[in-house]
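> Residue numbers (our numbering), protein chains in the order written: chain X, 1 to 391; chain C, 1 to 216.
In short, the hints are calculated from the structure, not lab data. Please note that a few of the clues may not be correct.
As the list claims (entries may be wrong) - In silico lysine-lysine, DSSO-like type, Cα no more than 30 Å apart, as pairs:
1. C:K90 with C:K192
2. X:K139 with C:K91
3. X:K319 with C:K78
4. C:K165 with X:K205
5. C:K47 with C:K192
6. X:K205 with C:K140
7. X:K139 with C:K74
8. X:K246 with C:K210
9. X:K338 with C:K187
10. X:K246 with C:K134
11. C:K187 with C:K165
12. C:K165 with X:K246
13. C:K94 with C:K140
14. X:K257 with C:K74
15. C:K192 with X:K205
16. C:K78 with X:K141
17. C:K10 with X:K257
18. X:K139 with X:K257
19. X:K141 with C:K32
20. X:K383 with X:K319
21. X:K38 with C:K94
22. C:K47 with X:K246
23. X:K162 with X:K148
24. C:K134 with X:K296
25. X:K319 with X:K382
26. C:K74 with X:K246
27. C:K74 with X:K38
28. C:K210 with X:K338
29. C:K10 with X:K205
30. C:K165 with X:K319
31. C:K32 with X:K205
32. X:K246 with C:K90
33. C:K187 with X:K246
34. X:K246 with C:K192
35. C:K90 with C:K78
36. C:K47 with C:K74
37. X:K257 with C:K94
38. X:K205 with C:K187
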Amino acid sequence: MDLKRDLSVRERFFEVAFFGNPDKIPLSLWEIRPATLKRWWKEGLPYGVSASEYFRFDIYGLKSINIVSYPSEGFRWELSDTLVNLGPIPPFEYKILREDERYRIWIDSLGITQMGFQDDWRDGWSGFATRTFLEFPVKTKEDFEKIKKRYDPYSVERYPPKWGDMIKKLNERDGAYLVSVSTRGPFWWIRDMMGLEATLISLFKDRELIHEILELYIDFHSKVLRRALEEVEVDYIILNEDMAYKHGPMISPSLFKEYFSQVYHEITSFFRNNGVKVILVDSDGNIEPLLPELLKVGVNGMTPCEVAAGMDVMTLRQKYPNLIMMGGIDKRKLSSSKEDINGEINRVTPAIKMGGYFPGVDHAVPPDVSFENFRYFIDSLKKICGWMNQA
Amino acid sequence: MSNREEILNKIRDAIVNLDIDNIQRLCEEALKAGIPAYEIVMNGMSKGMEIVGEKYERNEYFLAELIMAGEVMKEGMKVLEPHLKGGEVKKIGKVVIGTVRGDLHDIGKNIVATLLSAAGFEVIDLGVDVPPEKFVEAVKEYRPDIVGMSALLTTTMIEMENVIKALKEAGLRDKVKIIIGGAPVTKEFAEKIGADAAARDAVEGVNICKSWMEQK
Chain X
1 MDLKRDLSVR ERFFEVAFFG NPDKIPLSLW EIRPATLKRW WKEGLPYGVS
51 ASEYFRFDIY GLKSINIVSY PSEGFRWELS DTLVNLGPIP PFEYKILRED
101 ERYRIWIDSL GITQMGFQDD WRDGWSGFAT RTFLEFPVKT KEDFEKIKKR
151 YDPYSVERYP PKWGDMIKKL NERDGAYLVS VSTRGPFWWI RDMMGLEATL
201 ISLFKDRELI HEILELYIDF HSKVLRRALE EVEVDYIILN EDMAYKHGPM
251 ISPSLFKEYF SQVYHEITSF FRNNGVKVIL VDSDGNIEPL LPELLKVGVN
301 GMTPCEVAAG MDVMTLRQKY PNLIMMGGID KRKLSSSKED INGEINRVTP
351 AIKMGGYFPG VDHAVPPDVS FENFRYFIDS LKKICGWMNQ A
Chain C
1 MSNREEILNK IRDAIVNLDI DNIQRLCEEA LKAGIPAYEI VMNGMSKGME
51 IVGEKYERNE YFLAELIMAG EVMKEGMKVL EPHLKGGEVK KIGKVVIGTV
101 RGDLHDIGKN IVATLLSAAG FEVIDLGVDV PPEKFVEAVK EYRPDIVGMS
151 ALLTTTMIEM ENVIKALKEA GLRDKVKIII GGAPVTKEFA EKIGADAAAR
201 DAVEGVNICK SWMEQK
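One chain only, chain C, in its complex shape:
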């Protein structure tokens, strides 16, 4: 194994082992060894996040580990960001994400946004209480591959259907894939309102988005 590979594996493992104490030192070491920052992100930290996601799917890791892994990655990024040139890290896709109108819950949406970024997506987070017209405007402006919507309550998830209708009316529905998530959301509901997928949790959501990009 080359020195380069060894350092990247250590960074990957630091993410998997939630080693917040050493991630910055390892990132600095990698930069000193001449590894470009984007490669450290893509072949070190993102690989680590991928493994964290797999462990979560297998119930070896839970929400706490998922959030902590995101935190470790953020620490590493503090070192790498000044070395990343604009556009150097190739994004695998673009996602517009938001909690729908009438709903202010943002915990799940934020976790999904963090994991999407870690997986290499460009994420445009519209925030909470987002009306359909704001989703439409964002799709026009950013031309995303995917629109993600979140809702906590049975009474607010119905708003997702209004977003889809608005996208249809604006002639944009076929330009994007739509994924929905949140406590009350089911695959049946997604089918009923014309979304492309419902994610059981954040990791499944990211995997679905990745598979869509691979199919493109």
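Chain X on its own, in the form it takes in the complex:
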């Protein structure tokens, strides 16, 4: 790797993404979740300090500001006063319906009724909470018509009161950080409304409803985001999907083509016409069978490349020479020995050197990883990525 002058964060990002000549490689790092942090605070991480602060993710990581907000399943969502609001307005009323010592049943801001453990939610989200989903807000066309009213692209609350200040700050960034839009992809959008099982069944049983929900997706996102994209230069987009698992994608390539290709084509064209050059899909699991089509319809990147599902960055690099990748390092190896951690980093090193790849853990770091192991991992990866002389 040729070294040259220190690049700005933006320059470095694009040099890596488009196989140029970066001075260093930024690491793709997830925020460390509460359950893991709690362990690390007992093992040497100063109490109350976040891992990103301690390990200086702001220097080595993909220093980014995401300019949009939307509700995540399970959570209470409040309208942001600095970010573009892409959730239901008004949000569904967050309400605990029943609870005892062990469980709680509640409705989140997306209108989803679910059961979770008190321990996972009582003192804030634990970070690795499992839930049983009991009911989703859209079961019929009539339900959809109702929820559609909450996705009015012209609601005044879509743009927050402090948006002007935010834009000013972003446009003065001078390459010091990246601006991103991380939002729901079309599959996630339907699933948030109907739940996984009903979504998959409706792909066969209620084609019209699915098409209507997808039409709303395009209409809503393009109308809301047009202003943001005109006012600030966005460096990359992440479309969150989680549409695959160990065995493969949840839907076949032919179903993807039938329902999603056109929607993807439209949304990626909209982003590209507004100057965005990097568009990634975020999906756990083995999404590889959908990759050829995703690349055809305007996506050019993939994250987090989950090793447990067979997503190997070297294989992907050979098959898709221009694919931008993030992640790709097996989270399970981090709880193992230092030799295993070395082995895992060595496995992806050729891909790091080839470019187009931001290495990092392939999902959130689980709480079975010790603080010492994570420190060793970060230090080792930093060396490979050219950060040796940094603090």
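Given the coordinates of chain X, assemble chain C onto it according to the supplied hints.
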């Protein structure tokens, strides 16, 4: 091909082709033709599910098709169930299944339970967050051939080992085969905790269970 065979093949194909619009009509036709309901289930719909499973293994079908095939079968069962006499459909085996303690994820477990039923197993679904003692009680009460456990997280899959220990302590471990599944579960992990098998996915899980019953 006899008329009987032709109707059963149509029912099989309706499952394979995910033809939810026609499955009930075809089941009614079969009943009218004098085919017993249990035969329609076993030689029509279950055969169809078997083919769906094979297509899934060959990556011709994906999760969506698998779930939809289960949905088509459920529609057909609505017509057939009133005609099924208790105990008429011979079950190929009995499975006690549950998501382990500390884990509330049920999507994978539910898919496995649906496919096991479609394959002719009697399924006792213990639900989610199932403690080891509940698995032990269920094994005592239902005397299953197989115990199936599911977990979504690396932090909850360790609970599977506790279930196996509890079964050993109760002297029941050798009475059942144990199969585990879920996102973080591997064959190495199954071996380490003393399970008999780990399934990569629902279809493989059902195939393993079927092969165990064939060996009995």
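> Look at each hint and say if it fits the structure.
Each hint, compared with the structure:
1. C:K90 with C:K192: Distance of about 35 Å is beyond 30 Å: violated.
2. X:K139 with C:K91: Answer violated: K139 of chain X to K91 of chain C is near 34 Å, above 30 Å.
3. X:K319 with C:K78: violated (47 Å)
4. C:K165 with X:K205: The hint is violated at about 45 Å.
5. C:K47 with C:K192: At roughly 35 Å apart (the allowed maximum being 30 Å), K192 of chain C and K47 of chain C break the hint.
6. X:K205 with C:K140: violated (41 Å)
7. X:K139 with C:K74: holds (18 Å)
8. X:K246 with C:K210: Roughly 22 Å between the alpha carbons, so the hint for K246 of chain X and K210 of chain C holds.
9. X:K338 with C:K187: holds (23 Å)
10. X:K246 with C:K134: Judged against 30 Å, a Cα distance of about 29 Å means the pair holds.
11. C:K187 with C:K165: Roughly 18 Å separates the two Cα atoms, so the pair holds.
12. C:K165 with X:K246: holds (28 Å)
13. C:K94 with C:K140: Answer holds: K94 of chain C to K140 of chain C is near 13 Å, not above 30 Å.
14. X:K257 with C:K74: It holds: about 28 Å lies between the C-alpha atoms, which stays within 30 Å.
15. C:K192 with X:K205: violated (43 Å)
16. C:K78 with X:K141: holds (24 Å)
17. C:K10 with X:K257: holds (28 Å)
18. X:K139 with X:K257: holds (24 Å)
19. X:K141 with C:K32: violated (36 Å)
20. X:K383 with X:K319: Distance of about 27 Å is within 30 Å: holds.
21. X:K38 with C:K94: violated (42 Å)
22. C:K47 with X:K246: holds (26 Å)
23. X:K162 with X:K148: holds (26 Å)
24. C:K134 with X:K296: Roughly 51 Å between the alpha carbons, so the hint for K134 of chain C and K296 of chain X is violated.
25. X:K319 with X:K382: holds (27 Å)
26. C:K74 with X:K246: Roughly 26 Å between the alpha carbons, so the hint for K74 of chain C and K246 of chain X holds.
27. C:K74 with X:K38: Since the Cα atoms of K74 of chain C and K38 of chain X sit roughly 46 Å apart, the hinted pair is violated (cutoff 30 Å).
28. C:K210 with X:K338: violated (41 Å)
29. C:K10 with X:K205: holds (20 Å)
30. C:K165 with X:K319: violated (45 Å)
31. C:K32 with X:K205: With Cα atoms ~27 Å apart, K32 of chain C and K205 of chain X stay inside 30 Å; holds.
32. X:K246 with C:K90: Roughly 33 Å separates the two Cα atoms, so the pair is violated.
33. C:K187 with X:K246: holds (14 Å)
34. X:K246 with C:K192: Satisfied, since the Cα-Cα distance of roughly 21 Å is no more than 30 Å.
35. C:K90 with C:K78: holds (19 Å)
36. C:K47 with C:K74: holds (14 Å)
37. X:K257 with C:K94: violated (40 Å)
38. X:K205 with C:K187: violated (36 Å)
Taken one by one, the earlier hints fail for this structure at numbers 1, 2, 3, 4, 5, 6, 15, 19, 21, 24, 27, 28, 30, 32, 37 and 38, listed in ascending order.
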